[in-house]
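Enquirer: Those protein sequence lines, which keep their order, are chains P and G.
Heads up: the first sequence begins at 35 in the working numbering, then just goes up one per residue.
Heads up: the second sequence begins at -12 in the working numbering, then just goes up one per residue.
Some hints here could point you the wrong way.
Here are the simulated lysine-lysine pairs, DSS-like style, with alpha carbons at most 30 Å apart [as the list claims (entries may be wrong)]:
| # | chain 1 | residue 1 | chain 2 | residue 2 |
| --- | --- | --- | --- | --- |
| 1 | G | 10 | P | 177 |
| 2 | G | 275 | G | 89 |
| 3 | G | 99 | G | 50 |
| 4 | G | 75 | G | 119 |
| 5 | P | 160 | G | 275 |
| 6 | G | 99 | G | 35 |
| 7 | P | 155 | G | 275 |
| 8 | P | 98 | P | 155 |
| 9 | P | 173 | G | 10 |
| 10 | P | 177 | P | 49 |
| 11 | G | 119 | P | 158 |
| 12 | G | 35 | G | 75 |
A few chain P residues that face chain G, going by a derived Cβ cut-off under 10 Å, partial list only [unchecked claim]:
| # | residue |
| --- | --- |
| 13 | 78 |
| 14 | 81 |
| 15 | 82 |
| 16 | 85 |
| 17 | 90 |
| 18 | 118 |
| 19 | 123 |
| 20 | 127 |
| 21 | 128 |
| 22 | 138 |
Stretch by stretch, here's where chain G covers chain P in the computed footprint (C-beta under 8 Å, at least three residues) [claimed, not checked]:
| # | region |
| --- | --- |
| 23 | 93 to 106 |
| 24 | 139 to 148 |
No lab work stands behind these hints, which were simulated from the structure alone.
Don't be surprised by glycine CBs; every beta carbon is placed ideally from N, CA and C.
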Amino acid sequence: MDWSAHMNKSLCLAKEALEVGEVPVGCIFVDDDGNILASGRNTVNETKNATRHAELNCVDTIVKAGLVEKLSNITVVVTVEPCIMCASVLANIGFCTNIIYGCANDRFGGCGTVLAVPGLKNCKVKGGLFGDQAMDLLKQFYKGQNPNAPENKVKKKPVNL
Amino acid sequence: MEPKRSRLPITWTLRPVLPEDVKTDSIITVNVFVDTIINRTSTSKIVKSLGQLSVINSLTHLKRVNNQSIILMLANDLNPDQCVAELKNKGFDFDGLSGRPKIVPVPAFMPKTCSQNLQARKLWPCNFHPDKRLESILCGEFFNQLQLATIDRYMRTALSCAAGGVGAVVVDPSKDLIVAQSGDFRAEHPVKHAIMCVVDEVAKVQGGGAWNSSSTIAKTSSVFTDLINGDKTGPYLCTGYDVYVTKEPCVMCAMALVHSRARRVFYGCENDSGLGGLGGSVSIHLLKGINHRFEVYAGVLEEECRTAALQLPTKNVAQNMKYTE
Chain P
35 MDWSAHMNKS LCLAKEALEV GEVPVGCIFV DDDGNILASG RNTVNETKNA
85 TRHAELNCVD TIVKAGLVEK LSNITVVVTV EPCIMCASVL ANIGFCTNII
135 YGCANDRFGG CGTVLAVPGL KNCKVKGGLF GDQAMDLLKQ FYKGQNPNAP
185 ENKVKKKPVN L
Chain G
-12 MEPKRSRLPI TWTLRPVLPE DVKTDSIITV NVFVDTIINR TSTSKIVKSL
38 GQLSVINSLT HLKRVNNQSI ILMLANDLNP DQCVAELKNK GFDFDGLSGR
88 PKIVPVPAFM PKTCSQNLQA RKLWPCNFHP DKRLESILCG EFFNQLQLAT
138 IDRYMRTALS CAAGGVGAVV VDPSKDLIVA QSGDFRAEHP VKHAIMCVVD
188 EVAKVQGGGA WNSSSTIAKT SSVFTDLING DKTGPYLCTG YDVYVTKEPC
238 VMCAMALVHS RARRVFYGCE NDSGLGGLGG SVSIHLLKGI NHRFEVYAGV
288 LEEECRTAAL QLPTKNVAQN MKYTE
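Make the full structure from the sequences, and use the hints.
Expert: The following block contains the structure:
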């Protein structure tokens, strides 16, 4: 199946995150017929909770709708490889059988980049769909400084050359 | 922070969750060519000229000389004759040596602990400087009785909210105050493990939060909120905070604590689900490349925590402690 249209939706969510100063990651949960059941983006700075990643916001939508037990064969289309935390959720939540991501996550990637989380064999994982666009958004974010990060307390010593 | 209540005797043993290469006492070896010094007065000259050849750059953790033996070079796949030929070819003078090198196994890496150093020395002496902090952690003297009593006290608080099988408490050790505490609500939401809930409770103290809770079990300290409101710089996530949780966090929760910048994690019993994230199936806090690290200690009130974990979240318990959206 061609997931391009769905990834474009996730990229739009990531752009929305960037506009409000969040790490630009967007995610949608899609069923077998291509219907979008949940969509989300990072809300870490808004909630002051570092675990509020796009994927978990989508899971909340599914839980609120009372669908956790009823779903199966859900494809997660996310702009960046899920982190170890999110990959662990997706691998063990039961209804996610397919993960499509854009760019790899070198710092926290839970689909094999830093760690292949336990239970991941429950899901088919494929990366690289519009990865450059997802990476560009991240680069734009990290060019600016995270407004919520504390000032670095360690004073850098002047370097004597 | 002198506790006013009378202290209970500590009935448990704290276990640091450390990397394998620190825990082990077995030494990985590498073969080197070692020759015998015949004329001891030449030792310094031999050491100097070997140094200039830079054939053992990767072995700087080893003392060059052991009694009358000296390391010439890595053995690789050479035989002693080839070793002599290669060194002579590089201009090395075997004057003062026997000229009949032997292959000897020596420690391949610098020992990380005193205990490893004892083993390593049996093979060859090393340049080893003990890490005093690590040594005191290893021998169980890092925490004094008063600190252990504090750990015991906070874990008892975590146990008091473990009605769902797991309880978690986040503490600001600089103020000796509880920031937030929570039970486990996975029966109603697959992500609402005690750690995920308590991290959100901490966010609420800081004016954020994603989940509404009407539970009396999950709560933030009002004393703490007042303190924070007076603090202009403000806290950031769980930076500087210690986390007490009755059961080893799963991989999801362990990574949540990395994202949240927790300072230290104390847990009671191990997670036997196959998803333990801090020493069980994996050790998230020891992964290379992760941008934040914390120390992990297991075994706090282990028996009590294991008993608490048996109380599976029943429907009734879940209803009693309902989160409301």
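Enquirer: For each hint, tell me whether it holds in the structure or not.
Expert: Evaluated hints:
1. A C-alpha spacing of about 41 Å is found between residue 10 (chain G) and residue 177 (chain P), which places the hinted pair above 30 Å, so the restraint is violated.
2. Between the alpha carbons of residue 275 (chain G) and residue 89 (chain G) the distance comes to roughly 38 Å, so the proposed pair goes past 30 Å and is violated.
3. Between residue 99 (chain G) and residue 50 (chain G) the alpha-carbon distance is near 16 Å, which keeps this suggested pair within the 30 Å criterion.
4. Simply put, residue 75 (chain G) and residue 119 (chain G) have alpha-carbon atoms about 43 Å apart, too far for the 30 Å limit, and the pair is violated.
5. At most 30 Å may separate the alpha-carbon atoms for a hinted pair to count; residue 160 (chain P) and residue 275 (chain G) meet this at roughly 23 Å.
6. Our distance criterion of 30 Å between C-alpha atoms is met by residue 99 (chain G) and residue 35 (chain G), whose separation comes to about 28 Å.
7. At most 30 Å may separate the alpha-carbon atoms for a hinted pair to count; residue 155 (chain P) and residue 275 (chain G) meet this at roughly 22 Å.
8. Between residue 98 (chain P) and residue 155 (chain P) the alpha-carbon distance is near 27 Å, which keeps this suggested pair within the 30 Å criterion.
9. A distance of roughly 40 Å separates the Cα atoms of residue 173 (chain P) and residue 10 (chain G); the hinted pair therefore is violated under the 30 Å criterion.
10. Taking the CA atoms of residue 177 (chain P) and residue 49 (chain P), the gap is about 15 Å. The hint holds against a cut of 30 Å.
11. With a C-alpha separation of about 47 Å, the suggested pairing of residue 119 (chain G) with residue 158 (chain P) is violated against the 30 Å cut-off.
12. Between the alpha carbons of residue 35 (chain G) and residue 75 (chain G) the distance comes to roughly 15 Å, so the proposed pair stays at or under 30 Å and holds.
13. With its C-beta approaching chain G no nearer than about 8 Å, residue 78 (chain P) sits inside the 10 Å limit, and its interface hint holds.
14. The interface hint given for residue 81 (chain P) is met, as the beta carbon of that residue sits about 4 Å from the closest beta carbon of chain G, less than 10 Å.
15. Taken as an interface hint, residue 82 (chain P) checks out: its beta carbon lies about 3 Å from the nearest beta carbon of chain G, inside 10 Å.
16. Against a cut-off of 10 Å between C-beta atoms, the interface hint on residue 85 (chain P) holds, since the closest Cβ of chain G lies about 5 Å away.
17. At about 6 Å, the closest approach between the beta carbon of residue 90 (chain P) and any beta carbon in chain G falls short of 10 Å, and the interface hint on this residue holds.
18. Annotation: residue 118 (chain P) was flagged as interfacial toward chain G, and the flag holds, the nearest CB pair being 4 Å apart, inside 10 Å.
19. About 5 Å separates the beta-carbon of residue 123 (chain P) from the nearest beta-carbon of chain G, less than 10 Å, and the hint is met.
20. At its closest, the beta carbon of residue 127 (chain P) sits 5 Å from a beta carbon of chain G; the interface hint therefore holds under the 10 Å criterion.
21. Interface restraint check for residue 128 (chain P): the shortest CB-CB distance to chain G comes to about 8 Å, inside 10 Å, so the restraint holds.
22. Because the closest C-beta pair between residue 138 (chain P) and chain G is about 12 Å apart, greater than 10 Å, the hint is violated.
23. Counting residues of the region 93 to 106 of chain P whose CB lies closer than 8 Å to any CB of chain G gives 5, so the stated coverage by that chain holds, three being the minimum.
24. Given as covered by chain G, the region 139 to 148 of chain P passes the check, having 5 residues with a CB less than 8 Å from a CB of that chain where 3 are the minimum.
Consistency note: the structure conflicts with the earlier hints numbered 1, 2, 4, 9, 11, 22.
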